[in-house]
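K.L.:
Sequence:
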Amino acid sequence: MFHQPSQDAWTVAAESPHRDPVLYAVGDMTQTVRARGDEAAVALWGPEGGAWRQFDAPTTRTSVPPSAPAATSAAASETSAGRPADAPAGPARLAERMTDRRHQVLLAGLSKAGLYDLAPEDGETVRTMADRLDEPTVRRVAHWLSVAGRR
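In the UniProt record's numbering, the protein residues as written are 1 to 151.
Just to be clear, a hint being listed does not mean it is correct.
Unchecked claim - Computed cross-link-like contacts, DMTMM-like style, restricted to lysine to aspartate or glutamate with a CA-CA straight-line distance of at most 25 Å: (1) K112 with D134; (2) K112 with D28; (3) K112 with D122; (4) K112 with D38; (5) K112 with E135; (6) K112 with E124; (7) K112 with E48; (8) K112 with D56; (9) K112 with E15; (10) K112 with D100; (11) K112 with D20; (12) K112 with D131; (13) K112 with E39.
Said to hold, decoys possible - Okay, the calculated beta carbon distance ranges per label pair: (14) M98 with S16: 28 to 34 Å; (15) S6 with G114: 27 to 33 Å; (16) R53 with T11: 18 to 24 Å; (17) R139 with M1: 30 to 36 Å; (18) F55 with Q7: 20 to 26 Å; (19) R101 with W144: 14 to 20 Å; (20) D20 with A41: 17 to 23 Å; (21) P21 with R101: 19 to 25 Å; (22) R139 with D20: 19 to 25 Å; (23) E96 with P47: 42 to 48 Å; (24) W10 with T137: 37 to 43 Å; (25) P47 with S146: 25 to 31 Å.
If you are wondering where the hints come from, they were derived from the structure by calculation, not from laboratory data.
Note that the coordinates shown come from a computational prediction; the quantities given were computed from them, not determined experimentally.
Every residue gets a Cβ at the ideal spot worked out from N, C-alpha and C, and that includes glycine.
Just need the whole structure built from these sequences, with the hints factored in.
P.N.:
As C-alpha cells, this is what we get:
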C-alpha cells in the first residue's frame, strides 16, 4: 500500500498471491512517485498463517533521485539537451532518448533482480552504464539481472 500525504489516504499498489510481483510493482510505483517529486511511504501486507500481517517494506531509497533543475533564466530558455528551445531536435534528441531508454532498461533489470534499494551512487553508476553501453549490451545485462532475480 502507498500513503498519499496530500489526501491522507492509503492506496493499494498491487495484489498477488506471490511476493515477487508485488515487490516489483512497489519498486516501479515508488520510482514513479519519486519522479514526480513526491516521497513514497510503503506498507507491505500479506497473508501468513490464515491472517493478514505487515511485512517489512523496503526502507531506503528505491529509485534514482531526480537531478536538480537549473535556476537561471538562461537555462530556462534551453531544452534538457542543453540547446536553445527553438533549435531543431535532430540527432541530439534521438541520442538523449536512446540513453534514457537504456537507463530504464537497466533499472527494470535491477528491479527484477530484487535490487530495489538504490543509493545515489548506484544511480550514477546506472546512468554511466546507460551512457557508455550500446542497446544490445544493455539488453543483455538486463537479461542477466532478470535471470539472477529468478534464482
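K.L.:
Each hint: holds or not?
P.N.:
Now for the hints, and whether the structure bears them out:
A C-alpha spacing of about 21 Å is found between K112 and D134, which places the hinted pair at or below 25 Å, so the restraint holds. Proximity of K112 to D28 is assessed by CA-CA distance (about 10 Å); at most 25 Å being required, the pair is judged to hold. With a C-alpha separation of about 16 Å, the suggested pairing of K112 with D122 holds against the 25 Å cut-off. For the given pair, K112 sits about 23 Å from D38 by alpha-carbon distance, which is consistent with the 25 Å threshold.
Among the hinted pairs, K112 with E135 is consistent with the structure: their alpha-carbon atoms are about 18 Å apart, no more than 25 Å. Under the criterion of a C-alpha separation no larger than 25 Å, the hint pairing K112 with E124 is consistent with the structure, at around 19 Å. Note on K112 and E48: the hinted pairing holds, with a Cα-Cα distance of about 24 Å set against a maximum of 25 Å. In summary, the hint linking K112 to D56 is supported, as the alpha carbons are separated by about 18 Å, within the 25 Å threshold.
Restraint check for K112 and E15: the C-alpha separation of about 17 Å stays at or below 25 Å, so the hint holds. A distance of roughly 18 Å separates the Cα atoms of K112 and D100; the hinted pair therefore holds under the 25 Å criterion. As the CA atoms of K112 and D20 are separated by approximately 9 Å, the hinted pair is consistent with the 25 Å bound. Using a Cα cut-off of 25 Å, the hinted pair K112 and D131 holds, with the two alpha carbons roughly 21 Å apart.
Simply put, K112 and E39 have alpha-carbon atoms about 22 Å apart, close enough for the 25 Å limit, and the pair holds. About 33 Å separates the C-beta atoms of M98 and S16, a value consistent with the hinted range of 28 to 34 Å. A beta carbon spacing of about 30 Å between S6 and G114 agrees with the range 27 to 33 Å that was offered as a hint. Between R53 and T11 the beta carbon distance is about 20 Å. The supplied range of 18 to 24 Å therefore holds.
A C-beta distance of roughly 33 Å is found between R139 and M1, which places it inside the suggested range of 30 to 36 Å. One distance hint, 20 to 26 Å for the beta-carbon pair F55 and Q7, holds here, with the actual separation near 24 Å. Between R101 and W144, the C-beta spacing of about 18 Å keeps the proposed range 14 to 20 Å intact. Separation of D20 from A41 is about 22 Å and conforms to the stated range, judged on CB atoms against 17 to 23 Å.
Taking the beta carbon of each, P21 and R101 are about 23 Å apart, inside 19 to 25 Å as hinted. Distance hint check: the CB atoms of R139 and D20 are about 21 Å apart, consistent with the given range 19 to 25 Å. Against the hinted window of 42 to 48 Å, the Cβ-Cβ separation of E96 and P47 comes to about 45 Å, which satisfies the hint. At about 41 Å, the beta-carbon gap between W10 and T137 stays in the expected band of 37 to 43 Å.
Separation of P47 from S146 is about 27 Å and conforms to the stated range, judged on CB atoms against 25 to 31 Å.
Checked against the numbered hints above, the structure violates none of them.
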